[in-house]
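Generate the whole structure from the sequences, applying the supplied hints.
Note that the protein sequences, when read in sequence, are chains A and B. To convert, note that position 9 of the first sequence is 8 in numbering that gives the first Met the number 0; the numbers rise steadily by one, no gaps. To convert, note that position 362 of the second sequence is 361 in numbering that gives the first Met the number 0; the numbers rise steadily by one, no gaps.
To be clear, the hints were calculated from the coordinates, so they are not data collected in a lab. Computed from a prediction, not measured in an experiment: that's the story for all the values here. Among the clues, some could well be false.
[As the list claims (entries may be wrong)] Label-pair distances were calculated between CB atoms; the ranges are: (1) A:Ala123 - B:Ser176: 26 to 36 Å; (2) A:Glu59 - B:Thr87: 18 to 28 Å; (3) A:Glu59 - B:Phe302: 53 to 63 Å.
Positions of the beta carbon are idealized from the N, C-alpha and C atoms, including for glycine.
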Amino acid sequence: MSVFVPVEAAATVAPIKAVYKHLDCLVTGIDGLKKAGFRDIHVMTPFPRHEVEELIYEGEPSPVRWFTLMGGLFGATMAFTMTALMSANWPMIMPGGKPLVSIPPFIVITFEGTILWASMFTFAALLLLCRLPARGLPKEVEDPRFSNDHFGIVVERVGAHNAAQIKSILAHSGAIEVTGGGDTAAHGAHHG
Amino acid sequence: MKGPTYSSVNRDVLAPLFTPNAAYMGAITAALAAMAWGGYCWALQLVNGLGVAGYRPPVFWGVYITTFVFWVGIGHAGTLISAVLFLTRSRWRTGIYRAAEAMTIFAVMTAALFPAIHVGRAWYAYWLFPYPNQRQLWVNFKSPLMWDVFAVSTYFTVSTVFFFIGLVPDMAAVRDSTRGYTQKLYSVMCLGWRGTDRQWRHYMAAYGFFAALATPLVLSVHSVVSWDFAMAQTPGWHSTIFPPYFVAGAIFSGCAMVITLMLPLTKIFKLEDYIHVWHFEHLAKLCLFTGGILTYAYGTEYFIAWYSDNMYEWGTFVDRVVGNYWWVFATMVFCNCLSPLPWYFKKVRTSYLWLFVISILINVGMWFERYNIIASSLSHSFDPAGWVYYVPTYIEWGIMLGSFGWFFTWFLLFVKIMPSVAIAEVKEMMRPPLKSDEEVAAK
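Below is the structure:
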């Protein structure tokens, strides 16, 4: 099915946007694009859907967990080191033979440090990996319907020669609206 | 089509935002007035010194610490609902968790005022934190009060970030239904959220971790607060059952506060489609469960005091029942142990009126529980020559009232600025529209 396309012909057109009312149609659309080899897509949903994530990322877990782990280790180390060094720096003689650096009471602050820094690293990971505050997204993803009751797909960096095929896949999957990709491709489905 | 649809969720949840009506203005005026009175009382205390409070040796913990513990406790239900019930995938969490989480944050913000009020010279409150200083002096990490500083500040930070993360997709929904400057403002607050597959993927992973990290905080924060007491030798405080006893009490009072806040919210803002009597019933059951633990803990406390054969311990516990503070003890037992019992009947726990009345009784009872622990133990300690009757002054009552004003002001601002039901999560619970469903229906 793949056709060799000369470099000069690989001009890109405006991103293609499809709007869906039904979740199963959205899934068909993503699947169709994936099978045809178009992976440069954004799928907008008003709430998270696991089938969308499964389809696109094929069960590969988000790397957020590594940030959380690093944060937890960092927090635990930092909190314990802080309490120990500060206590040693001001050697207050406590009655009852308590050691300067005593493990049981310091565990409390170590625990709080672990939770605090694991959370902060997780938050940083969220901002970093989701690219928030949002940037670099095509204009087409901005549709008030996507935070309400519609789903959407935006295909980016579409070659002029592919536009017709993409629009055809999206239209056949049951999208209620397919736009973009340049005007010439509007009837492309027939050529495909 | 029956029940809410995706677009009706947006419409119904966003409807109460922004434009205040007369009742709302009345409520916020009352809250601001209470806060102003509290501020005036605090100003008097700052000018004249802690002498204006009813402290008399050896009682130097009173209404301020009671109210501090009360507010920290209130916060716990919010985290329990948002984090623990998220991990256990409880369906009844969805409608109420946003407002419960907001309650947590405002409750902790209220609690955080009290150490500063209590120490008198509030401008030295930063001495609580370890910072490099010319005296080369560090805080004492072996002190439970120090643990509390770390526990409460961690709790506040983590809850706030967790709350903010939950709000991001809903802020985007607000942005998409507003115009002009409001839209620009929400556009900034939602960080330009668009609900793309990439965003949701990492969002859900991070949200899960936040829930997992907040869960141990539910148990740890009030355990640490309880050590403020249990680590001291004072009769009536020095007990190993304090952490579980305090955590159960915190969740008990917090769930009651959620009922107190959410019932009027649901009724006034017509959110009955999303917050049913079913949600309140679950909260009532949670109160019955934790209230049962609490009653058991009260009993155990007395048993340990008697069985230990320690006359100071037993003396304090007897004094709580028959001494100066007998009415505090009686209020506590009535409100916390007896008043929730009618909720065992389905008819009572599904009646809005009884839910509301009993939840308020529990709030009152839980404040008196902390007062009972603090005031009676300190005023009836080891040395009979030091036995006094601590009576709070109007300054202390005024600051306590002010704390309610402060809390309700924040909560009232919240319900007008942020969606008080989690839009995205409510939709997640609904059956998505499927073409195949429609085809089947058409046949």
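Results for each hint:
The hinted window of 26 to 36 Å between alanine 123 of chain A and serine 176 of chain B holds, with their beta carbons roughly 30 Å apart. Look at glutamate 59 of chain A against threonine 87 of chain B: about 26 Å separates their beta carbons, and that is inside 18 to 28 Å. Between glutamate 59 of chain A and phenylalanine 302 of chain B the beta carbon distance is about 56 Å. The supplied range of 53 to 63 Å therefore holds.
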